[in-house]
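Heads up: the protein sequence lines correspond to chains A and B, in order. 0 is the number of the first residue of the first sequence in numbering that gives the first Met the number 0; add one for each residue after it. 0 is the number of the first residue of the second sequence in numbering that gives the first Met the number 0; add one for each residue after it.
No wet-lab data here; the hints were simulated from the structure. Please note that the accuracy of each hint is not assured.
Below are the DSS-like pairs computed for lysine-lysine, each with C-alpha atoms no more than 27 Å apart in a straight line [as the list claims (entries may be wrong)]:
# : chain 1 : residue 1 : chain 2 : residue 2
1 : A       : K234      : A       : K3
2 : A       : K234      : B       : K85
3 : A       : K3        : B       : K85
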Amino acid sequence: MVPKPLWLLAELTYRCPLQCPYCSNPLEFAGPRFKHELTTDEWCRVFREAHALGVLQLGLSGGEPTLRPDLETLVGAAHELGLYTSLITSAYRLTEARLAALRQAGLDHVQISLQAADAELSDAIAGAAAYRDKLAAYRATRELGFPLTVNVVLHRRNLHQVEALIRLAESLGAERLELANTQFYGWALHNRDALMPTRAQLDRAWEVIGRERARLGSALEIVWVLPDYHERYPKPCMGGWGRAYMTVTPAGEVWPCHAAGRITTLAFTNVRERPLDWIWHQSDAFTRFRGEAWMPEPCRSCPRRAEDFGGCRCQAFLIAGDAALTDPVCSLAPTRHLVDAAVAAGERAAAAEPAAPGWVYRAARASRALAAPG
Amino acid sequence: MSPAAATTVPRLHAKARLARDEVRGRDVLLYPEGVVVLNPTGAEILRLCDGSRSVASVVAALTARYGAAGAIAEDVTAFLDPLAAKGLVVFGPPAPAP
Chain A
0 MVPKPLWLLA
10 ELTYRCPLQC
20 PYCSNPLEFA
30 GPRFKHELTT
40 DEWCRVFREA
50 HALGVLQLGL
60 SGGEPTLRPD
70 LETLVGAAHE
80 LGLYTSLITS
90 AYRLTEARLA
100 ALRQAGLDHV
110 QISLQAADAE
120 LSDAIAGAAA
130 YRDKLAAYRA
140 TRELGFPLTV
150 NVVLHRRNLH
160 QVEALIRLAE
170 SLGAERLELA
180 NTQFYGWALH
190 NRDALMPTRA
200 QLDRAWEVIG
210 RERARLGSAL
220 EIVWVLPDYH
230 ERYPKPCMGG
240 WGRAYMTVTP
250 AGEVWPCHAA
260 GRITTLAFTN
270 VRERPLDWIW
280 HQSDAFTRFR
290 GEAWMPEPCR
300 SCPRRAEDFG
310 GCRCQAFLIA
320 GDAALTDPVC
330 SLAPTRHLVD
340 AAVAAGERAA
350 AAEPAAPGWV
360 YRAARASRAL
370 AAPG
Chain B
0 MSPAAATTVP
10 RLHAKARLAR
20 DEVRGRDVLL
30 YPEGVVVLNP
40 TGAEILRLCD
50 GSRSVASVVA
60 ALTARYGAAG
70 AIAEDVTAFL
80 DPLAAKGLVV
90 FGPPAPAP
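Start from the sequences and build out the full structure, keeping to the hints where you can.
The structure is reproduced here in structure tokens:
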């Protein structure tokens, strides 16, 4: 029996005042494919169709979702359906009044990103002066009674701050701290050499987390998103392809995850063309890698295949050139040497700093330049 | 986390919401980035945890419906304690005597 989705990530816009070099949005986010954003009515229809399909959790993301002036209306529509709704925001220019209006509309949970533990480094990574707004929004969020998640993407330039980040999240009264090691898709893949952590950094951070978890108990949940290039086995990406999760992009394409649009060998369907139910059950993008029939060796006969689902299809495509291969992160994959080479390149770049190559900020001009042919 | 005393008053944490999953015909507890699937008994226990009943009176209400008080007290504790460890249920102080 085909499973039903539990999660919908609604990427409301790819416009964003921040320029984080690890952004998971597509490199060509500023191009024509994502330009004609869904209207308020179209999003409300998507939420209704998602709810009827079995979705219980909704993430409102982007880009920066608060740039949508109809955000309160969208939250209200989701709330009326009973969806548990999370806002995933940078909090840039996010005022207490706006947060109060979102609370009123029925928003359940707020997740605010942070780039580093201090203003100077945080703003340097974001490519925008956003740190002060973030701290103000954290406090407003707590005062309004929202559960709060602080999300930090970790990489070579901020991994040394793990302890300071935990202390900061604790002082802000957060319930959850997501310490998410960079996953290399989108802009992060483009900037991989500049972001790749060293083994020594990861070991040190892991030690700190063990100690701090013991100290904090259930007062602050610390989520550590694994640095998968440094692991032996792949992550169970999205809990399996087309099993629990779907992403709708700003202009209405539906993807099995927020990175899948890069796989050029899949055909994606738009909510403007077909109902979500059809897309989930019938579309090429969702059916191609659902279940186990597509699996090559070593996955096909591997006892771990029901746990990790062969890993990540996007990673197989981006690193090994074929989405139907075993995730190259797996130590059993014939293409694992490509991941080892990327890890080694990161170690070399770290040793060469400060002369190591810098990163390209995620910005519309860079996006158009990267998407240009030649 | 130590087991809940019978006089404490359990309630859902503000971040958690009890909901009906119509598509799959079951009750669920929703919270940031997570879903706990409930069996009918679990859902019934949580509906009784409305912030006015102590653990003992939740047990008493269930016993009145089903009998077998000893086993029910154990079931309620075994159900609530892991949810409390996840921060989804909190135990308030006993209500003052009327």
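Evaluation of the provided hints:
Our distance criterion of 27 Å between C-alpha atoms is met by A/K234 and A/K3, whose separation comes to about 21 Å. This hinted pair checks out: A/K234 and B/K85 have alpha carbons roughly 23 Å apart, not beyond 27 Å. Distance hint between A/K3 and B/K85 is fulfilled; the C-alpha atoms sit about 25 Å from each other, no more than 27 Å.
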